[in-house]
Structure formats: structure tokens, C-alpha cells
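From the two separate chains plus the hints, produce the assembled complex.
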Amino acid sequence: MSAARYLRKLVLGETWSLPAGLALALVATALAERLVGPQGWWPAGGGFVLLALVLVALTASLAGALKRC
Amino acid sequence: MAFTLTLVGAALAVGLELLEALAIVLAVGLTRRFRDAVLGAAAAALVLTLLALALGPLLIARVPLEPLRLVIGVGLLLFGLEWLRKGVLRLAGRRSPSSSFREFVDEREALEELPAPAPGTADWAARAIAFKGVLLEGIEVILIVTVLAARPGGLAPAMIGSALALLAVLAVGYRLRAPLQRIPETHLKYVVGIVLSAFGVFFAAEGLGASWPFDDLALAYIALIVLAVSQAQVAVLTRGERRQAKAVP
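The listed protein sequences derive, respectively, from chains Y and H.
Here the numbering used here is used: the first residue of the first sequence is 183, the next is one more, and so on.
Here the numbering used here is used: the first residue of the second sequence is 948, the next is one more, and so on.
In short, the hints are calculated from the structure, not lab data.
We put the beta carbon where it would ideally sit given N, CA and C, even for glycine.
A few of these clues could be false.
List of simulated lysine to any residue pairs, SDA-like, C-alpha gap at most 20 Å [claimed, not checked]:
1. Y:Lys249 x H:Lys1136
2. H:Lys1033 x H:Lys1193
3. H:Lys1033 x Y:Gln221
4. Y:Lys249 x H:Glu967
5. Y:Lys249 x H:Lys1079
6. Y:Lys249 x H:Arg1041
7. H:Lys1136 x Y:Glu196
8. H:Lys1193 x Y:Ala247
9. H:Lys1136 x H:Ala1179
10. H:Lys1033 x Y:Trp223
11. H:Lys1033 x Y:Ala242
12. H:Lys1033 x Y:Val238
13. Y:Lys249 x H:Arg1190
14. H:Lys1033 x Y:Thr241
15. H:Lys1033 x Y:Thr197
16. Y:Lys249 x H:Arg1186
17. H:Lys1136 x Y:Pro201
18. H:Lys1079 x H:Glu967
19. H:Lys1033 x Y:Ser199
20. Y:Lys249 x H:Val1176
Ranges between beta-carbon positions, derived for each pair [unchecked claim]:
21. Y:Gly246 x H:Pro1131: 51 to 59 Å
22. Y:Ala242 x H:Pro1066: 51 to 59 Å
23. Y:Arg216 x H:Glu1188: 37 to 45 Å
24. H:Val1018 x Y:Trp223: 23 to 31 Å
25. H:Gly1067 x Y:Ala202: 25 to 33 Å
26. Y:Val218 x H:Ala1179: 25 to 33 Å
27. H:Thr951 x Y:Gly227: 49 to 57 Å
28. H:Ala990 x Y:Gly246: 37 to 45 Å
29. Y:Ala242 x H:Phe1161: 27 to 35 Å
30. Y:Ala234 x H:Leu1117: 36 to 44 Å
31. H:Pro1014 x Y:Val218: 14 to 22 Å
One chain only, chain H, in its complex shape (with noise of 0.2 Å):
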């Protein structure tokens, strides 16, 4: 159960950062250099790799277990709540639905203002605008995955997870725009909120000293509550929303 779980969550969670960074390396490789955006975007990987093999080991190897369990749950549950809260009120219409796709419309919009590079020298502004979107989605990745990678037996889903989502992501960006509108994002991130949670719940229960009832399953039973508490919340904000629609005339 947690390796699955594990898996889908770092499949996801990934799979979804790396489709925003897609969005705009694609936004500026269609509107100014595909090579520039391509190196923009590969320097900010390197930075992504260092600190991934900096940021991993110093947790696993330098906090002991019980306070890493805490530190692993407390990290999880700041994404997941975030998450989650936001998914609740998209399901709910209170805010405007995930797009990667309006992301990099909007990329675009803002790259076509900036005036064209010399033919022959280096574009900085598209080198600099795809390192930059691709290290600030890529940092979440890195945090979402090592902690995910962290606990016990983690490392092997997360990172199946984490490559099933790079090559999903590749795929979709070799087809280009199409199917990035056909991605229901805001259920996607919903369901990640959930996972992330309840992983959360999970591992800073245990770093406090509480065992769960049946191991792992706990897992599926604290995201079925979870489930059922947002979708609670989901309705009751649909309604309000419903009431005061009909309150304007």
C-alpha cells in the first residue's frame, strides 16, 4: 500500500510541476530560440541535481529516525494541506481552474514583448526566463520527492514515480500543445493534496509517539477520510456559491 501510494504520489506530484516548467520552456522555444530554451532550462537541471544530492543524504543520513519521521510528515503536510486547499476551492469554483496550458499563453503574451536577439548572438532573456521557470517548479519537485524518498523503504517508488512522470512529461511535450489542454489538472492536484496529506498525517503521527491501527493501510483509510472531509467542504462552498448566484439578479 505505501509503495503504491508512494509511486502514485511522486508520479504526480512530479509529473505536474514538470508539466508547468514544460509549459514555459515551450513558450520560449516556439516564440524566440528552441536552443536557448533548451540550454536555459538545462543549467537549472544541473542546479536541480546538486541540490538534490546535497539536500537527500543530509537528511537521511544526518537526523535520526523518530525526529525524521516528524520532519518527513510536517514537510509533506505543508505541501499537501496547500494543495488540497487550493483543490477544494477550484472543485468548488471559488478559483480558476490548474492550466498549464494558460501558463504558457501567457509566457508567450510576455516573451513577444521583449525585443528579438541579434541574429548570430546568444538570447539571455529566453536562456535566463526558461532557467528560471524551470528551477522554481523544479525545487518543489525536489523537496516533494525527498521527503517522499526519505522514509523507510520510500526511495524505490519515489523515484520509479518520479521517472514514469519525466517520460509522461517528455511525451506530452514531443506531442506539444494539444494535449497539455486535455490534462484535468485541478483534479490531478486535488488527488496529490490528498496523497500528500495523508502521508503527512502518517509520518508525524509516528514521529510523535502514535502507532497506527493495521501498518500501512492506515494510509488508504487517512486519505478516505481526508476525501470525504474536503468533499464536504467542496460541496458546502459550491452551494454558497450556487446561492449567491441565484441572489444577483
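Extracted from the complex, chain Y is given alone in its bound form (with noise of 0.2 Å):
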């Protein structure tokens, strides 16, 4: 396996779709804090947010497997 190649799958895993779907869930919760600020629900409520948006992500890196079931 090349370094560059190993890197990768190092970091991203085996899967794009897993750091995509994170990578959206991260820009959709910082967007959901710039939108409520720092006054509203968000302090209390936005940590529920990204976990939500994270098992999002982890069930549609499953996507595959689920669609065959």
C-alpha cells in the first residue's frame, strides 16, 4: 500500500461517505449556532444536536449494507 494511499485510509477510513457525513454534521451544527447564538437554546441544547446529526452520519455509512437487508 502506497504512503499516500495508507494516509488516507488512516484518516478517512475505508469509507468516504463516514467523513463526509461527519464533515456536514459539523457544518450544519456551527451553522445551527450561528443561526440560535449564544443567548438561545443552543448552550444547553446544541451538544444534542451534533450527536443526532453524527448518528446520522454513522447509519448512512451503513447505507449500503442496510439497503440489502
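Laid out in C-alpha cells, this is it:
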């Protein structure tokens, strides 16, 4: 395995869908934080938004296997 | 809570990665010569030590606390979610179980095809294989331990967990092959995935301005939520696998 391929696999894993889903989850969470602002419900509820989006990203990365069910 | 979870997470992640490195070093040592296998592994350990010494202070001293939390969180999520995804697929029977013993057998078979070195000369092929195996597994160890240790109060449990894992792996190495077959690697890697993902969500959310109810105790309920969701995924995948098996005449 070439060094570049190994590094890509080390950081991004075996599938592009998981890091891409994680990136989308983080961007969506950061946008939500900007929209709500630090005074609203964000400090207490923002973590759960990220948790939900991360779990959606995990489920999406399993979509191929789930489709075959 | 954070201390215990960091210790357990570091110990399991380091232990499992070192087991895979041990499988390669053992295969090289038993097929070729132990002296060359140990020399290759020691050279890789030296490179990894230099990497850890460079990476740790760079991350902790140069990055301000708030962005550091986000960096740590994203790093842990990248590793944790990948381990978790593979864990779900393995537990559902959609992927072959993780096995350092199988890696050991495969490596031995590959090494037996290489020509033996002349007596009294250095076995560079064996040294290179041991070096590469330890280096590649070790880089993941360094990255995981660095991000776990970089959070406030994380250094001590990450170091203690890593040291315990190192001792455990050396003990396994001393007893050689039999224990390698008995370790439930698939389940342990799944647990590491849950722990790293819980830490990742915790820190990434704090880096994005959120704070968790009940502070560090949040790590426990995040881990439980991740466990529940991933178990549901395992259940759905397993049901699908059984349905497919029944459909095949």
C-alpha cells in the first residue's frame, strides 16, 4: 500500500461516506450555532444536535449494507 | 467519569493496535529470526517516540483551548466512528471478525515465500516488514493517545491506560499464540468505537459553544445513546442477513 493511500485510509477510513457525513454534521451544527446564537437554547441543546447528526452520518455510512436487508 | 473513560478508551485502543503489531513481529520472528524482528520493531518504536514528542507539545502548546476542543473532537470522531461502523458490520455478520491471529497466520504464509538470508548476514526483508508493521499500527496509537491526552486532565489517564495496554500486550506476546486466539477483538473494537465517538461528540460540541448537562457525566449518557443506536443498527442488519439466508434455497 502506498504511503498516500495508507494516510488516506488512516485519516478518512475505508469509506468516503463517513468522513463526508461527519463534515456535513459539523458544518450543519456550526450553522445552527450561528443562527441560534449563544444566548438562546444552544448552550444547553447544541450538543444533542451534533450527537443526532453524527448518528445520522453513521447510519448513512451503513446505507449500502442496510439497503441489502 | 472522564478519567475512567479516558483510561479505558486509551487502554483498549492502544492494546488492540499493539496486538496487531505484535502479530506481525511474532510472525517475522518465528518465520525468520527473532533478532531481526526485534531490531525492526525497535527502530519503528524509536520513530514513533520522536513523532509523539513532536506532535503532543505542538498540539497542546500551539492551539488555543476552544479550537483545540473542536480539533480533538473531530479527530476522535474520525477514528471512533470508523471503528464503530466496522464493529456494527462485524457484529451483524456483514464483515469477517477482527483477528490478530489471522493476521499472524497470513503474515507467516507470506514470509515463508521469501528467500532465507545467508547465515551470518542481516535479514533486511524481515527487519523492514517488522518495522513497517509496528510503524503503521503505531501511528494510529500515537494519534489516538495524543488527542485523548491533549484535553484538560487527559494526560494522566491516557498515559496510565496506554502503559497498562503495553504491559498486557507484552504479557500476551510472552505467552505467544494461544491467547491471541482467545481475545474477543471484534467486541473490544466495538467498545473502543463507542468510547472514542462519545468523547468526540462531547469535545466537538464544546468546541462549537455548547455545554453538556451534568458536565463529565454527559460522557456516560452520550456513550449509552451511541450504544443504543448502534445496537439497533446491528439488529436491523442481522435480521436482514437472516432473511437473505432463508431466501436462498
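Going down the list of hints, with the structure as the test:
| no. | hint | result |
| --- | --- | --- |
| 1 | Y:Lys249 x H:Lys1136 | violated, 25 Å |
| 2 | H:Lys1033 x H:Lys1193 | violated, 25 Å |
| 3 | H:Lys1033 x Y:Gln221 | violated, 39 Å |
| 4 | Y:Lys249 x H:Glu967 | violated, 32 Å |
| 5 | Y:Lys249 x H:Lys1079 | violated, 38 Å |
| 6 | Y:Lys249 x H:Arg1041 | holds, 13 Å |
| 7 | H:Lys1136 x Y:Glu196 | holds, 16 Å |
| 8 | H:Lys1193 x Y:Ala247 | holds, 17 Å |
| 9 | H:Lys1136 x H:Ala1179 | holds, 18 Å |
| 10 | H:Lys1033 x Y:Trp223 | violated, 35 Å |
| 11 | H:Lys1033 x Y:Ala242 | holds, 13 Å |
| 12 | H:Lys1033 x Y:Val238 | holds, 16 Å |
| 13 | Y:Lys249 x H:Arg1190 | holds, 13 Å |
| 14 | H:Lys1033 x Y:Thr241 | holds, 12 Å |
| 15 | H:Lys1033 x Y:Thr197 | holds, 11 Å |
| 16 | Y:Lys249 x H:Arg1186 | holds, 12 Å |
| 17 | H:Lys1136 x Y:Pro201 | holds, 19 Å |
| 18 | H:Lys1079 x H:Glu967 | holds, 12 Å |
| 19 | H:Lys1033 x Y:Ser199 | holds, 13 Å |
| 20 | Y:Lys249 x H:Val1176 | holds, 17 Å |
| 21 | Y:Gly246 x H:Pro1131: 51 to 59 Å | violated, 26 Å |
| 22 | Y:Ala242 x H:Pro1066: 51 to 59 Å | holds, 57 Å |
| 23 | Y:Arg216 x H:Glu1188: 37 to 45 Å | holds, 43 Å |
| 24 | H:Val1018 x Y:Trp223: 23 to 31 Å | holds, 26 Å |
| 25 | H:Gly1067 x Y:Ala202: 25 to 33 Å | violated, 54 Å |
| 26 | Y:Val218 x H:Ala1179: 25 to 33 Å | holds, 29 Å |
| 27 | H:Thr951 x Y:Gly227: 49 to 57 Å | violated, 26 Å |
| 28 | H:Ala990 x Y:Gly246: 37 to 45 Å | holds, 40 Å |
| 29 | Y:Ala242 x H:Phe1161: 27 to 35 Å | holds, 29 Å |
| 30 | Y:Ala234 x H:Leu1117: 36 to 44 Å | holds, 42 Å |
| 31 | H:Pro1014 x Y:Val218: 14 to 22 Å | holds, 20 Å |
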